[in-house]
Amino acid sequence: MRAAIVGVGIHPFGRAPGKSGMQLGAHAARLALQDAGVEWKDMQFGCGGSYSSGNADALGNELGLTGVAFTNILNACATGGSSLLAACREIQSGSAQLGLVVGFDKHDRGAFNADPSEYGLGPWYGEAGLMLTTQFFGMKLQKYMHDYGITVDTLARVAEKAYQNGALNPNAWRRTPIAFEQIKDSAMVNDPLTKYMFCSPSEGGVALVVCREDIAHRFTHKPVFVSAAAMRTRLAGAFEVYGTSVGLGHIPNATELASRAAYEIAGLGPKDIDIVQLQDTEAGAEVMHMAESGLCAHGEQERMLRQGETRIGGRLPINTDGGCLANGEPIGASGLRQIHEIVLQLRGAAGDRQVPGSPRTGYTHVYGAPGISAVTILQT
Amino acid sequence: MIEAAHPNARSRPIDQHLFTWPANDPALLGSRCRVCHQYAFPANPSCRYCGKLDVETVELPRRGRLWTWTIQRFMPKTPYRSAETEATFVPFGVGYVELPGALRVETRLTENDPRRLRIGAEMALIIYTHRVDEDGTAVVNYAFRPL
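Same order as they appear, the protein sequences are chains Y and W. All residue numbers for the first sequence refer to the numbering used here, where the first residue is 1 and numbers rise by one. All residue numbers for the second sequence refer to the numbering used here, where the first residue is 1 and numbers rise by one.
Each hint should be verified, as a subset may be incorrect.
[Claimed, not checked] Sample of chain Y residues facing chain W (criterion: CB under 10 Å; computed from the structure):
1) M131
2) L141
3) T151
4) V152
Derived from the structure by calculation, the hints contain no laboratory data. Computed from a predicted structure; not experimentally measured. Ideal Cβ positions, reconstructed from N, Cα and C, are used throughout, including at glycine.
Next comes chain Y alone, as it looks inside the complex (with noise of 0.2 Å):
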């Protein structure tokens, strides 16, 4: 038995002033409710997170006190997978048919300042100057580029496609294109990093009805079944986020061990894969993340770029809502955003950035610190 989406709502990712996070989970909330045709009081129970705006259970202030079974679940960046996966075993376990996945955030400027101690490591790798996503994401690309031949130019063309494509999104926040020169020239932040190839934290709210699979046409003629939702943690001496030391030899990652997990669940491959959302807090991550996911051969991505093929148009198309690069990461809403663009593009419903073609089959990817990645698939 699978989990059904039958009603999606989002809250415009960006900036907004003067709302709370809390707000903004309300207000996605409301749209998934209505979209499904159903209300607050009808959920048998909720599950959701945010990384900086309060408890996402704080949610019934805004929507109703219903005594629903509400659980507050906060994973990093895997936060909104992890709560579609409680979602989903809170159905196939029987307990429930009917219930709401909801995650909101609303993040300061600049990038994050984590603490040290909340990761299990001393006081001197932040007073070092090392806790920084940012490094690791500069570093890990940096190695991958001297392995597999990729070019800057591949990083450049994925920041182009990201604000291509949220120029065409209504819900994203980055909605001007950028040229590809003025990517690959704008200032260096962590080499071989420009300022364009990053994504920012920023504030956005998702939302979800998800129900058991058998009684999904009550509420939508076009649900999309959860063929699987996978989340892995680190293995010892794999290279991940805030790594001290790393085995040598190569150990599988997160992304790797969540995405082989989610492809087994579903008995499905790679090829099977008609779009995907990947984890693209900066523009080599998608390019690493495609090879990690089995969508492409380390190195193939430089040649994929090139011709296009990720595009809303090509052959595999890639962060059709403009991903992290074009929406910000506000931490508990963006993996539902990922979820959120894959049930409009299988719907039909995408507007503009529509894929063309029907696709019937989505990937969806997060990866976060200190080691955390959540892989789902996504049918009609």
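Following the hints, position chain W against chain Y.
Okay, now just chain W, sitting in the frame of chain Y:
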């Protein structure tokens, strides 16, 4: 250019357990599991590979090869602690150095010029003054320099 700190000067390490100090020939301190023989840095009271508590603290090799690198070009927010301001901040190199037969350690680099950093290049450990506290004590940290 970041210079090595003198072991006789009034100084304290940024963390007591990261490296031998004061020492004329300092070394990073890691742990090695007596059961599965895997290394960790910094030293950990248990093994992250097998979970066993049977680990020993060992000095890690002082030389290795640059595995990857980046340059930190904006001044980090707290918890970063240095004497710098936004105006005086000097970008710094960060990388992983592969220590033969042991592991790859994350480290600051003495070099912040990409033209002088090359994956595979030979690197050596130094202890440098990271900041000077109000009482005049130098807080020293580890870094690797290209040879």
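Here's how the hints hold up against the structure:
The interface hint given for M131(Y) is met, as the beta carbon of that residue sits about 6 Å from the closest beta carbon of chain W, less than 10 Å. Hint status for L141(Y) relative to chain W: holds, with the closest Cβ pair at about 8 Å, below 10 Å. For T151(Y), the interface hint is violated, the least distance from its beta-carbon to any beta-carbon of chain W being 16 Å, above 10 Å. Hint on V152(Y) is violated. Least Cβ distance to chain W is approximately 12 Å, over the 10 Å limit.
Violated hints for the displayed structure, listed by number in ascending order: 3, 4.
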